[in-house]
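Student: Once you've looked at the hints, go ahead and assemble the two chains, each given alone in its own frame, into the complex.
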Amino acid sequence: MKLSRLFLVLAVGSGLFTSCSKDEDTTVVIPPSDGSQLTLNGGGGTGSPNTVYVDFSSDSTATRVRGSWNLGFYGGAEYRVTLNSFTAISAVAINKTDISAVNIEDTAGVNLAIGLGSGNFSMIDDVYGDLTKTAIAEISATEANNKVYLVKPENASATDPATWYKIRITRSGNGYALQYAKLKETTIKTATINKDNNFNFTFFSLDNGATVNVEPRKADWDIAWSYGAYTAGPIPYFFSDLVITNQYAGVTAAKVDSTVVSYNNFTEANIAAQTFSDKRDAIGSSWRATTGAGIYKNFFYVVKDANGNYYKLKFVSMGIGDGGTRGYPVIEYKLVKSAN
Amino acid sequence: MRSQFIVFGLSIALCNSAWAQSGEKTATVNAIADSIHLRDVVITGQYAPQSLKQSVYQVRTISSEYIQLRGATNVLGVLDNQLGIRFSNDATLGETDVEVMGMSGTNVKILLDGVPLVDRGSTRQSLSQIDVNTIERIEIVEGPMSVVYGTDALAGVINIITKKYQGKDQLSVTARIQEETVGKEYNFLSGEGSHNANIGIQWGHKGFFAGAGITRNDFGGWSDSLTGRRKAWKPKDQLVANGSFGYSNKQLKVWYRLDYLKEDILSRGDINYDNGKATDQQYTTDRYTHQAQAVWQLNKDLSVNATASYQDYKRVTRTTIKDFTNNSEVLAPDAGAQDVSKFNTLFFRATAQYNLSPVWSFQPGVEYRRDGSAGQRILGTPHITDYSAFLSAEIKPVHWLNIRPGVRLSENSVYDAPPVIPSINTKFALRNDLDLRLSYAHGFRAPALRELYFYFFDASHSIKGNNELKAEYSNSVTGSVSWQAIQKGPVKVGVTATGFYNDFNDRIDLATINGSDTSTYVNISKFKTTGGTISTLLNWKNLEVNAGFSYIARYNQFADDETYNKTNPTPQFTWTPEVNANITYRFRKLGAALNLSYKFNGERPAYEEVTTTAAPAFVHEIRTQAFHQADLTATKNITRYLIVNAGVRNLFDNTNINNSTLTSGQAHTTGGVLPMWYGRSYFLGLSFNWNRNK
Numbered sequence: 412m413k414l415s416r417l418f419l420v421l422a423v424g425s426g427l428f429t430s431c432s433k434d435e436d437t438t439v440v441i442p443p444s445d446g447s448q449l450t451l452n453g454g455g456g457t458g459s460p461n462t463v464y465v466d467f468s469s470d471s472t473a474t475r476v477r478g479s480w481n482l483g484f485y486g487g488a489e490y491r492v493t494l495n496s497f498t499a500i501s502a503v504a505i506n507k508t509d510i511s512a513v514n515i516e517d518t519a520g521v522n523l524a525i526g527l528g529s530g531n532f533s534m535i536d537d538v539y540g541d542l543t544k545t546a547i548a549e550i551s552a553t554e555a556n557n558k559v560y561l562v563k564p565e566n567a568s569a570t571d572p573a574t575w576y577k578i579r580i581t582r583s584g585n586g587y588a589l590q591y592a593k594l595k596e597t598t599i600k601t602a603t604i605n606k607d608n609n610f611n612f613t614f615f616s617l618d619n620g621a622t623v624n625v626e627p628r629k630a631d632w633d634i635a636w637s638y639g640a641y642t643a644g645p646i647p648y649f650f651s652d653l654v655i656t657n658q659y660a661g662v663t664a665a666k667v668d669s670t671v672v673s674y675n676n677f678t679e680a681n682i683a684a685q686t687f688s689d690k691r692d693a694i695g696s697s698w699r700a701t702t703g704a705g706i707y708k709n710f711f712y713v714v715k716d717a718n719g720n721y722y723k724l725k726f727v728s729m730g731i732g733d734g735g736t737r738g739y740p741v742i743e744y745k746l747v748k749s750a751n
Numbered sequence: 048m049r050s051q052f053i054v055f056g057l058s059i060a061l062c063n064s065a066w067a068q069s070g071e072k073t074a075t076v077n078a079i080a081d082s083i084h085l086r087d088v089v090i091t092g093q094y095a096p097q098s099l100k101q102s103v104y105q106v107r108t109i110s111s112e113y114i115q116l117r118g119a120t121n122v123l124g125v126l127d128n129q130l131g132i133r134f135s136n137d138a139t140l141g142e143t144d145v146e147v148m149g150m151s152g153t154n155v156k157i158l159l160d161g162v163p164l165v166d167r168g169s170t171r172q173s174l175s176q177i178d179v180n181t182i183e184r185i186e187i188v189e190g191p192m193s194v195v196y197g198t199d200a201l202a203g204v205i206n207i208i209t210k211k212y213q214g215k216d217q218l219s220v221t222a223r224i225q226e227e228t229v230g231k232e233y234n235f236l237s238g239e240g241s242h243n244a245n246i247g248i249q250w251g252h253k254g255f256f257a258g259a260g261i262t263r264n265d266f267g268g269w270s271d272s273l274t275g276r277r278k279a280w281k282p283k284d285q286l287v288a289n290g291s292f293g294y295s296n297k298q299l300k301v302w303y304r305l306d307y308l309k310e311d312i313l314s315r316g317d318i319n320y321d322n323g324k325a326t327d328q329q330y331t332t333d334r335y336t337h338q339a340q341a342v343w344q345l346n347k348d349l350s351v352n353a354t355a356s357y358q359d360y361k362r363v364t365r366t367t368i369k370d371f372t373n374n375s376e377v378l379a380p381d382a383g384a385q386d387v388s389k390f391n392t393l394f395f396r397a398t399a400q401y402n403l404s405p406v407w408s409f410q411p412g413v414e415y416r417r418d419g420s421a422g423q424r425i426l427g428t429p430h431i432t433d434y435s436a437f438l439s440a441e442i443k444p445v446h447w448l449n450i451r452p453g454v455r456l457s458e459n460s461v462y463d464a465p466p467v468i469p470s471i472n473t474k475f476a477l478r479n480d481l482d483l484r485l486s487y488a489h490g491f492r493a494p495a496l497r498e499l500y501f502y503f504f505d506a507s508h509s510i511k512g513n514n515e516l517k518a519e520y521s522n523s524v525t526g527s528v529s530w531q532a533i534q535k536g537p538v539k540v541g542v543t544a545t546g547f548y549n550d551f552n553d554r555i556d557l558a559t560i561n562g563s564d565t566s567t568y569v570n571i572s573k574f575k576t577t578g579g580t581i582s583t584l585l586n587w588k589n590l591e592v593n594a595g596f597s598y599i600a601r602y603n604q605f606a607d608d609e610t611y612n613k614t615n616p617t618p619q620f621t622w623t624p625e626v627n628a629n630i631t632y633r634f635r636k637l638g639a640a641l642n643l644s645y646k647f648n649g650e651r652p653a654y655e656e657v658t659t660t661a662a663p664a665f666v667h668e669i670r671t672q673a674f675h676q677a678d679l680t681a682t683k684n685i686t687r688y689l690i691v692n693a694g695v696r697n698l699f700d701n702t703n704i705n706n707s708t709l710t711s712g713q714a715h716t717t718g719g720v721l722p723m724w725y726g727r728s729y730f731l732g733l734s735f736n737w738n739r740n741k
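Protein chains in written order, with the working numbering: chain A, 412 to 751; chain B, 48 to 741.
Hints were generated in silico from the structure; no laboratory data involved. Built from N, CA and C at the ideal position, the CB exists for glycine as well. Wrong hints could be hidden among the right ones.
What the hints assert, rightly or not - So the derived list for chain A, only partly shown, Cβ under 8 Å to chain B, looks like this:
no.	residue
1	525
2	569
3	730
4	732
5	734
Isolated chain B, as found in the complex (with noise of 0.2 Å):
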C-alpha cells in the first residue's frame, strides 16, 4: 500500500501548484459524446496519426467513451463484445486467456501505448492487469504485425492507447467508485462481489505535463455450487497504479510513464474434516513496467521515435496449511508449494518516419529486446537476446493507391530467428465511400524462454526445453472492403467485410523423442484458420447501432493425420459462427444514454482423439455449447461533474458452458465444463470528473 501514498501525496502536490494561478473554469463532462468511427485517429502500426479511413490496416478502435458506457472495470468488459474475440478462463489459476480469430493468445500481442507486455507463460494475463481508466483507446488491428512488432504478432494486435496530455494547460481530476454484485453473491464495498475505485489527475502547464492514478479491484470470487471454503472462481485483488510525467512543444514530445499491478489471487481449499486442515494457495503477481518514449519531428519530412521500457514481473506462490482445530497456519512443504518466478525484458525501439516526395516515404526501425527468467521449472537463469532491424515503405503512385511492402531481419543469441520477415499492405480507395485493403504477411512466433529452457522432472513428468527450436512462421492473407454506404442525411450507414486466411507452420508442441522417455518442445505442428467477417455501423439522430457477424474456422489436425483420415475422415476446418450487436441510444437533453451489448458465440466443433482400454483409438467430435451474452447500462449525468451508471451483466445468465469431450476426468484436461460466467449480475456505478482547461 506504501506505493499509493506516495502517487497520491505526488498528485496533490501537483494539484495545487496548479490551483493556485488561475481561476476555476471547467468544461462540460463530455462522456456521453459522439464517437465519429471513421475520423477516429489510429496510430497502431502507422507513420504518423492517421485517420482510420486512411490507414492502410483495417483497425478496430474502442475507445475510452464506450469503455464507460459499458461501465467496464477491466479490458476484458469491453472485448467480450467483439467478433472473432473469445475468452477462455482458467478456474485453477483464475486467470483469463483472450483468442483472437481463432488464434490463442500466444499469437497476440498486446502492447501498452506500443510496448509489448510480459506475460510468463502462453496466458495473456496482462490484458486484464491493466488499468481501464486509464485507457484512451483500444486499437486492435487483425493479421500479421510482425514486420513492425516482432515475434507473437500472427493473430494480431491490441494495442492500448493510455490518455495522454493534449497540448493545452490542463488540470483534471477524476475518481470512480463501482460496486458490482457478482452472481447472486455481494457484500458492500468489500468481500463478496467486485469492488472498483479510481482517482487519477492529469496535469499541464507550458509544454510539461505529469499524471498519476491509482485503482483497486477487488473481486471477490464466486462459489457456484460449491459450499466450502473453495471458490469456482477465486478471489482476485487488484491495486494498479501509474504515474506519468513529460514535456512537448511543437517539434518534441518525451515523457517517461509507470504502471505497476499488485495482484493478488487466492485459493482456498476446503476444509478436510477428517484432519481439520485446509491448504490454500495465494498467487501475488508484481508488476512494474517503465516506459520512456520520445517523438521528435526534425521538419516537416522527417520524424523520429524512440521507445524504451523494462519490465520487471514476478509472480509468488505461496502454499499454507490451515490448521482449523487449533488456528495455526504453515508454508507447506511439498515440491512447487512454494515458487517465485521472475521475468524481466529490457526493449528498445526507434523508428524513423521520412518523406521523400508525395509518392514515397519509409520507415525504417531498429529493435532490441533482451528477456530473461527465473523460477520453478526453468533450468537456471537463462536470458535471450534479439536483435531486429526493419524497413517499411509507404508508396502513393496515384492518389487512390497507397502500397506499403516491408521486411524484418532478426539476429536471436539462442534460438535460430528467421532472417527475413516480408509483408505487403495495399489499400485501394476505389471510390471516395470505398476502400479495399489486401495483405500479404508473414508472421512468425519465437520460441518463449519457456519452450527454449524448461525443465520438469518427476513422477509423472520428464520434460525439458529445446534450444534447437526455430520459430513458428505463418503466412497470413486478408482483405477487407470498407464502405461508407450513406454518409449524408440523418441516417449515416457503413460497412465493412473482411476474409482472412492463415497457415502456421512449425508450431511448437511437446512430443516426446522415439526411443526416450523425455518429452521435449519441437517445431510439429500446422494449424490454419480461415474465415471472414461483416459488420455495420448505422447512425441515426441519436441512435447508433453497431452489428456484425463473423464466421471463423479453426483448422483440424486429424483431417491430414494418416493414422485417422482414411478410416475417420474429419473436415480439415471446423466453424463457428459469432453475431453481434452494440446498440447505444443517446437522450441528448437528459444526458443520458443507454447501451445495449449483445453478442452470440455460436457452437465451436472441434475433433479429439479418444483412446480407451477397451477399443482402439478413435477421433471423436466435441461440441462446445454456443451461448449469448448481453449487458444492458444506462449513464446519466447528475451533476456537470457526476456521471452515475448503472447496468445488467451477462442478462442470460450464463455460467459454465458444456463441451461434450470424452476426456473429462483424466490429467490435464478441463473436462467437459467450461466456466464463462459467474451468473447475471448488476453494477452501479459513480463518476466524478473536474477539469479545467484554458
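Excised from the complex, chain A in its bound form (with noise of 0.2 Å):
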C-alpha cells in the first residue's frame, strides 16, 4: 500500500468529521388577526406573582398580586367567606367558639401541609367554585354557632405553627366582622367588612390587616389566569396556569374541537352546538399541559359572558415549546356575537 493512498483515505475520511448546518430557513407568514391579542402580565415563572382578571368587552386586564389576600367576603345574599384559592392556604375548625382560649397548643395534631400530595379536599374550599362547599362553613346568625378556624397562608411554614393565624367570623350587620390573630399573639386584631353587591367578594389581608383591592366589578371581568388550588385525581393540586371563569357573575364557556370548526371558521351560528359549563374550571387546565405539550392547539373556547356576549377564546403560547414565555402568556379572541 502507498503511502500516497492511505493519506488519500485518512483525507476523505476527515472531510466525514465536518458537520453541515441542518436548520431550514423557512419563513412564516402569519395572517393578521381581525381579533384582539392580549399578553397577560402573570409575572413569569411557574408560579405566577400575580393573577391576571380579563375582561373581553373593553379588552382589558387587571394585574393582581396572588398572594396580597388571604379571605374572600362574599358580597351577595348568603354570608360565605372563602379562601385564596389562587394560594396554598388551608384552614380547620377548631371546637371552641371563644378566640382567646386558643392558642399554640391546639394546633396538636393539626396538619395544614397542602398540595404537593399533602392535605386534602376538606381544608379548601371546593375547586369548582361551589359556594355551598366552602372551607369555612356558612356564617351563621347563630353567633355561638361560628368556630374559629387555624388558617395556614401560603407563605406560613406548615412545620412552625406559630406562623399560622386563628381567625373567626361572624355577622356583623349587613356584614361580617372579623377577628384574628397569630397563634402566640394574645392581642386579638378586629375588622368589620361590608357587603358589596357590585363585587363578587371583598378581599381581606391577614397580614396587612386592611381590605385589598383585588377582583374587577363582578360585571368587568370574564376569564382569570393565575397559579391556583384544583385537583388531581383524589388530592387537591396547585396548577400553574389555571384559567378560571367568573362563574358567581353568570360567564359560561365551552370547549370546542378545532377538527370539528376551525377557530377561524366559528362562526354565531356555531354557537348553538356547544356545551357550555357554568363551572369555574369550564376553561380550567384543559387547554394546556404543563410538560410536553404545552397548549393543545386542537381545542378553542367560545365564552359567554354576564351580559350575554359571546366570544371566541384561543391561546396564542403558554411558554412550553410554544415561543411564549412562562408565566406571560398570550391570549387571542374575538366577539362572535353580541348581546345587543
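Tutor: And the structure:
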C-alpha cells in the first residue's frame, strides 16, 4: 500500500467529520388577526406572582399580586367566606368559639400542609367554585355557631404553627365581623367588612390587616389566569396556568374541538352546538399540559360573558415549546355574537 | 473541531516516523475470525488476566469481532442481544438507559478499562458515549462487585476494554465509514439517517506505544408520525476522540489515555402558527476522561496495579426561541432554560496481587474518589470524598476448588457509608468440563450528589436533598454451572445456567415527611430481583450458534403494602421471559460471514397505584408489550485492506411498544407508549484496516 493512498483514505475520512448546518430557513407568514390579542402579565415563571383578570368587552386586564389577600367575603345574599384559592392556603375548624382561648396547643396534631401530595379537600374551598362547599362553614346568624378556624396562608410554614392564624368570623349587620391573630399573639385584632354587591367578594389580607382591591367589579371581568387550587385525582393539587371563569357573575364557557370547526371558521351559527359549563373550571387546565405538549392547539373556547356576549378564545402561547414566555401567556379572542 | 485536527496531526507525525524505518509488511485482516469463547481472557475483577473458564466470576464477553459482525456504531448496538439487558429510551432528552437483570442503570457500574465513568444522574448515558471503534472487548459481570468496584456495582459491571498495545512493533491504521437509514429516513452523508465515520492509528516500537482515534456518529433523528420540526427521536451528533501513549517492558506497563466526547442533542420545537415562533433546546455535553494506569510485575509472586483518573463532565442546556416571521433568534428567559451542569471526579485505585503459596493469594487495595458538582437544582457546589480499602484472598486448597472471600471498608465525607462490605465467591471444578460457581455478596450504592444536595422549589415542586442518607445495600446470592458438553470432534457444545436472588434494602426514594410540604430523599423502599438464565454455545465447522433463555423477576412493592395486600393482593414478583439467539456462519473461502442476531423480549407485567376522583385508589396491573428484535448482517473482505458490511436492523420493524398504564397523561409519566426503535433500517459500511507487525 502506497503512502499516498493512505493519505487519500485519511483525507477522505476527515471530510466526514465536518458537520453541516441542519436547520431550515422557512419563513412563516402569520395572517393578521382580526380579533384582539393580549399578553397577560402573570409575572413570569410557573408560580405566577400575579393573578390576571381579563375583560373581553373592554379589551382590558387587571393585574393583582396573587398572594395579596387571604379571605374573600361574599357580597351576595349568603354569608360566605372563601380562602384565596390562588394560593396554597388551608384552614381547619377548632371546636371552640372563643378565639382568645385558642392558642398554640390547639395546633397539636393538626396538619395544614397542602399541595404536592399533602392535604385534602376539606382544608380548601371547592375547586369547582361551589359556594356552598367552602372550607369555612357559612357564617351563621347564631353567633355561637361560628367556630374558630386555624388558617395557614401560603407564606406560612406547615411545620411551624406559630406562623399560622386563628380567625373567627361572625355576622355584623349586613356584613361580617372578623377576629384574627397569629397563634402566639395575645392581642386579637378585629375588622368589620361590609358587603358590596358590585363585587363578588370583598378581599382581606391578614398580614396587612386591611381590605384589598383585588377583583374588578363583578360585571367587569370574564376570566382570570393564575396559579391556583385544583384537583389531581383524590388530592388537591395546585396548578400553574389555571384559568377560571367568573362563575358568580354568570360567565360560562365551552370547549370546541378545532377539527370539527376551526377557530377562524367559528361563527355565531356554531354557538348552538356547544355545551357550556357554569363551573369555574370550564376552561381550567384543559387548554394546556405543563409538561411536554404545552397548549393543545386542537381546542379553543367560546366564552359567554355576564351580558350575553359570546367570544371565541384561543391561547397563543404559554411558554412551553411555543415561543412564548412562561408566566406571560398570550391569548387571542374575538366577539362572535353580541348581546345587543 | 479543533481537537480533532490536533489528534489527527499527531497521528500523521507518528505514522511518518515509523514509516521511514522499515519496509511494508501487512497481515491479513483477521476480523472474521473464530472466537473460542472459553479461552477468552477476562480481566474484570481478576487478580491477573484469566481465562473465562478459570475465572471465579461468571463473565460474559463481547469481542471486537462481534462488534464488527454486527456493524455496531455504539455499545448499545451489541448489548441489545444480551439476555437480561434491556434499554429504555427517554424521548424528551434523547438518552438511553440500560437495565441489567431487572435492575435499572443506577445499579449498574460502567467502567472504561476499570475506571468508573461519571454520569450526571441515574441514567447511564456514559454507555452510549463510548467510541465503539476503540473497544477490544466488553466484559459483563452480573451480581455485586462492590468489594472491588465500590458503589453502584449492585446489578453488575459492564467493563469496556479498549484496544491495547500487544507488545510488538506495530503500525496500524483503521478507518471506517458507515451509512445507515433511520427507518425510512435517509440522506447521503448528513442530515436524516445515521452517519458514522472513524479513523484510528496505533503505533508501537521498542516498548513505546501510542494511539489515537476519532469517531463521528451523526444521528439525524426520527420523526415517527410527526410532521413538523419536532422529532420523536432527537438528532444526536457525537464527536468522540481518544489519544494514548505509554511504555511497556517485561516488568512494567504504564500508559495514559484521554477520551473526549462532544455530544449535541437537538430538540426542535414545532412552529406555533399562532405566533410564528418555535422553541428549540440544545443539550451539549463535553466529557473528558483522563486515565493513567500502571501495571508493575515486581517478581513472579507480586504485582501492583495503579489507576488514576480525572473526569470532567459538562452539560449545557441552551434554549432559544426562533421567530420564523423574521428569522431571528433569542435566548429563552424562562427559569431553567439556560443551564450549565458540571461534574468532576478524581479517582485513584491501587491494588497489589501477591501469591504467598500455590494455595494462598491476596489482593489488597485502596481507593480514593472525590466527586464534585455544580448546576441547576444542586444546592451550592458540593463535593464528596470517599476512602476505601479492600482485601480479598484467593484460596485454592485443592486443584478443583477456588474460594475468594473479600471485604471492603469505606469512609465517606458526607453520608454514612456502610462500614463493611463482604463477599465470597467460590468456584468448583466438578469435572474437567463442568464448573460450578456460587457466591454471596453485599452490594451498595452510595447516595448520589443529586440525592444529597438536590434543591428544587417552584410552584409545583418542593424537593430538597437529604445529607442524612445512608447507602442502599443489597444481599445477593448467585450461582452458575458451566458445562463444556462436547469438546472434541467437529461439533462443540457448551451450556451455562445461572441463577440469582438479590434483595435490596434502604433504597432511596422521594417521600414527603409527615406534616411537611417538602419532599426529600429517604431510605425507604425495598426491591428484589430473582431469576435465571440458560445459554448454549454450539460450534460446528463454520457455524456458530449461541442461544439462550432467561426468566427474570422484579419485585412488586404492592405485595407487601398493607394498604392493598388484603383487599387487592398481588404477587410478590412479576416475571418476564427473554429468548436470544446469535447465529454466525462464516464463508471462509469467500472471506465472508453472515450474522443473525435475535432477541425476544417477553411481556413485562408490573403494578401501579391508580388514583381517581371517582373511586378509591386501587392497584392495577400494567403490561408492557412483548417484542421480537432481529438484525441480519453480512460482512465480506473485498481486498486485504477493505471489508464491506451491510445489514438490516430491526427486521421486525419495531417502533413504539405499548404499555397498558392508566396514568398516562399525568405529570411525570411516560404514558402508554414507550419508544423502543425507529423502524426497520438498513446500513452499508466500509472498513479499512492496514497494519504492519514486525
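Student: Work down the list of hints and note, for each, if the structure agrees.
Tutor: Now for the hints, and whether the structure bears them out:
| no. | hint | in the structure |
| --- | --- | --- |
| 1 | 525 | holds, 7 Å |
| 2 | 569 | holds, 5 Å |
| 3 | 730 | holds, 6 Å |
| 4 | 732 | holds, 4 Å |
| 5 | 734 | holds, 2 Å |
Figure legend: structure checked against the earlier numbered hints; every hint is met.
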